[in-house]
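Residues 1 to 344 (full-length UniProt numbering) are what the sequence shown spells out, left to right.
There may be inaccurate statements among the hints.
Stated by the list, open to error - With a cut-off of at most 30 angstroms between alpha-carbon atoms, the simulated BS3-like pairs for lysine-lysine come out as follows:
{"#": "1", "residue 1": "K140", "residue 2": "K242"}
{"#": "2", "residue 1": "K282", "residue 2": "K300"}
{"#": "3", "residue 1": "K29", "residue 2": "K141"}
{"#": "4", "residue 1": "K300", "residue 2": "K230"}
{"#": "5", "residue 1": "K189", "residue 2": "K110"}
{"#": "6", "residue 1": "K82", "residue 2": "K178"}
{"#": "7", "residue 1": "K284", "residue 2": "K242"}
{"#": "8", "residue 1": "K178", "residue 2": "K141"}
{"#": "9", "residue 1": "K230", "residue 2": "K189"}
{"#": "10", "residue 1": "K178", "residue 2": "K230"}
{"#": "11", "residue 1": "K214", "residue 2": "K179"}
{"#": "12", "residue 1": "K141", "residue 2": "K108"}
{"#": "13", "residue 1": "K242", "residue 2": "K110"}
{"#": "14", "residue 1": "K82", "residue 2": "K214"}
{"#": "15", "residue 1": "K206", "residue 2": "K308"}
{"#": "16", "residue 1": "K260", "residue 2": "K225"}
{"#": "17", "residue 1": "K214", "residue 2": "K140"}
{"#": "18", "residue 1": "K206", "residue 2": "K300"}
Derived by calculation from the structure, the hints in this document are not laboratory data. Every value quoted in this text rests on a predicted model; they were computed, and no experiment measured them.
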Amino acid sequence: MATNGPNLECRMYEARYPEVDQAVMIQVKSMADSGAYVSLLEYNNIEGMILFSELSRRRIRSISSLIKVGRIEPVMVLRVDKEKGYIDLSKRRVSEEDIQGCEERFNKSKLVHSIMRHVAETMSVDLEDLYIHVGWPLYKKYGHAFEAFKVMVNDPNSVLDTLTREITEAGPDGQEVKKVVPAISEEVKDALVKNIRRRMTPQPLKIRADIEMKCFQFDGVLHIKEAMRKAEAVGNDDCPVKMKLVAAPAYVLTTQTLDKEQGITVLTKAIQACTEEIERQKGKLTVKEPPRAVSEREDKLLAEHMAKLGQQNEDVSGDEDSEDEEDTGMGEIDLENSGMAITE
Numbered sequence: 001m002a003t004n005g006p007n008l009e010c011r012m013y014e015a016r017y018p019e020v021d022q023a024v025m026i027q028v029k030s031m032a033d034s035g036a037y038v039s040l041l042e043y044n045n046i047e048g049m050i051l052f053s054e055l056s057r058r059r060i061r062s063i064s065s066l067i068k069v070g071r072i073e074p075v076m077v078l079r080v081d082k083e084k085g086y087i088d089l090s091k092r093r094v095s096e097e098d099i100q101g102c103e104e105r106f107n108k109s110k111l112v113h114s115i116m117r118h119v120a121e122t123m124s125v126d127l128e129d130l131y132i133h134v135g136w137p138l139y140k141k142y143g144h145a146f147e148a149f150k151v152m153v154n155d156p157n158s159v160l161d162t163l164t165r166e167i168t169e170a171g172p173d174g175q176e177v178k179k180v181v182p183a184i185s186e187e188v189k190d191a192l193v194k195n196i197r198r199r200m201t202p203q204p205l206k207i208r209a210d211i212e213m214k215c216f217q218f219d220g221v222l223h224i225k226e227a228m229r230k231a232e233a234v235g236n237d238d239c240p241v242k243m244k245l246v247a248a249p250a251y252v253l254t255t256q257t258l259d260k261e262q263g264i265t266v267l268t269k270a271i272q273a274c275t276e277e278i279e280r281q282k283g284k285l286t287v288k289e290p291p292r293a294v295s296e297r298e299d300k301l302l303a304e305h306m307a308k309l310g311q312q313n314e315d316v317s318g319d320e321d322s323e324d325e326e327d328t329g330m331g332e333i334d335l336e337n338s339g340m341a342i343t344e
């Protein structure tokens with residue numbers, strides 16, 4: 001006989017409905033004659049409505065340019081009828097400041113909700129029960145559960161050991177006794193901490209700068225290598241600097257760090273050290289792209305480009321060897337006995 005699994009549907013916050021004059025994140029579900037029906041994403045997708053008169057302060061020429069099915073955006077709560085479940089919303093009354101605050105809160109809440117839902121699913125517990133005993137108490141104590149989760153990355157016990165709940169047990173005399181126990185079991189706690197660390201541990205950023213460097217003096221290659229060493233010497237344990245040749249005269253400097261500003265500062269100093277050394281040897285350095293954070297895709301494209309150039313160099317070297325072999329082969333021909341005419 002099949003058993004029902006845990007309930008994985010739940011709002012993000014303890015309040016079942018938003019407050020009037022609160023900005024909320026919605027997704028447009030369908031269009032009607034008088035307005036658009038939407039889902040309130042932070043409140044377990046309960047339904048709300050935006051009247052067309054609340055779309056814009058200006059005269060509306062095209063509804064489709066202002067609202068589209070599937071679009072996710074912040075709107076303002078105008079009215080909440082908790083008995084009938086009606087929620088009236090406005091797009092035209094939400095300010096830029098409201099939008100920014102709503103988007104920031106929603107992005108944090110969405111990450112918290114994703115972690116909580118995954119733990120509830122894998123540990124077979126009800127999501128709402130997990131929110132009641134962990135999520136919502138952390139919202140109250142820290143302002144947002146996201147802030148509590150950040151602390152838990154390095155010190156989970158300081159956060160979770162303060163959370164408890166009451167249970168009722170039968171005492172020795174058969175009477176019911178209330179007992180205070182940890183809010184969640186050790187197994188659920190371990191799963192929660194593991195997921196938080198996996199999703200919220202900061203990942204190092206890759207900072208890169210692109211330069212061109214030339215030196216036409218005697219032993220120019222050695223001078224360039226020394227300038228590269230000077231650049232790499234600027235790095236430290238938190239921001240190690242590496243400098244590589246792409247294809248003369250193009251070079252890249254890279255570092256990895258958790259602090260973007262620190263990484264940019266270190267690479268800027270590395271370029272300065274490299275410039276001073278190469279100019280001392282009558283060389284020249286030109287910055288083509290200043291230090292900036294690069295994506296994994298950009299980093300991958302650079303690696304592929306360097307690999308392609310390396311392969312091309314190997315191919316050229318192979319062709320040169322073949323030509324040398326053909327040339328030396330001609331020297332073994334006996335011209336006198338080959339039948340070729342020799343004119344003096």
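A quick look at each hint next to the structure:
Our distance criterion of 30 angstroms between C-alpha atoms is broken by K140 and K242, whose separation comes to about 46 angstroms. The straight-line distance between the Cα atoms of K282 and K300 is roughly 34 angstroms, outside the 30 angstroms bound, and the hint therefore fails. Our distance criterion of 30 angstroms between C-alpha atoms is broken by K29 and K141, whose separation comes to about 34 angstroms. With a C-alpha separation of about 26 angstroms, the suggested pairing of K300 with K230 holds against the 30 angstroms cut-off.
For the hint pairing K189 with K110, the CA-to-CA distance comes to about 20 angstroms; that is within 30 angstroms, so the pair holds. For the suggested pair K82 and K178, the alpha carbons sit about 34 angstroms apart, so the restraint of at most 30 angstroms is broken. A hinted pair counts as satisfied when its Cα atoms are at most 30 angstroms apart, and K284 with K242 qualifies at roughly 20 angstroms. Note on K178 and K141: the hinted pairing holds, with a Cα-Cα distance of about 24 angstroms set against a maximum of 30 angstroms.
The suggested pairing of K230 with K189 is violated, with an alpha-carbon distance near 49 angstroms, which exceeds 30 angstroms. With a C-alpha separation of about 69 angstroms, the suggested pair K178 and K230 falls outside the 30 angstroms cut-off, and the hint is violated. A distance of roughly 77 angstroms separates the Cα atoms of K214 and K179; the hinted pair therefore is violated under the 30 angstroms criterion. As the CA atoms of K141 and K108 are separated by approximately 16 angstroms, the hinted pair is consistent with the 30 angstroms bound.
Our distance criterion of 30 angstroms between C-alpha atoms is broken by K242 and K110, whose separation comes to about 37 angstroms. Between K82 and K214 the alpha-carbon distance is near 73 angstroms, which puts this suggested pair outside the 30 angstroms criterion. Taking the CA atoms of K206 and K308, the gap is near 22 angstroms; set against the 30 angstroms cutoff, the hint holds. Between K260 and K225, the direct Cα distance comes to roughly 27 angstroms. Compliance with the 30 angstroms bound is thereby established for this hinted pair.
Distance restraint check for K214 and K140: the Cα-Cα separation of roughly 61 angstroms exceeds the 30 angstroms cut-off, and the hinted pair is therefore not satisfied. A hinted pair counts as satisfied when its Cα atoms are at most 30 angstroms apart, and K206 with K300 qualifies at roughly 12 angstroms.
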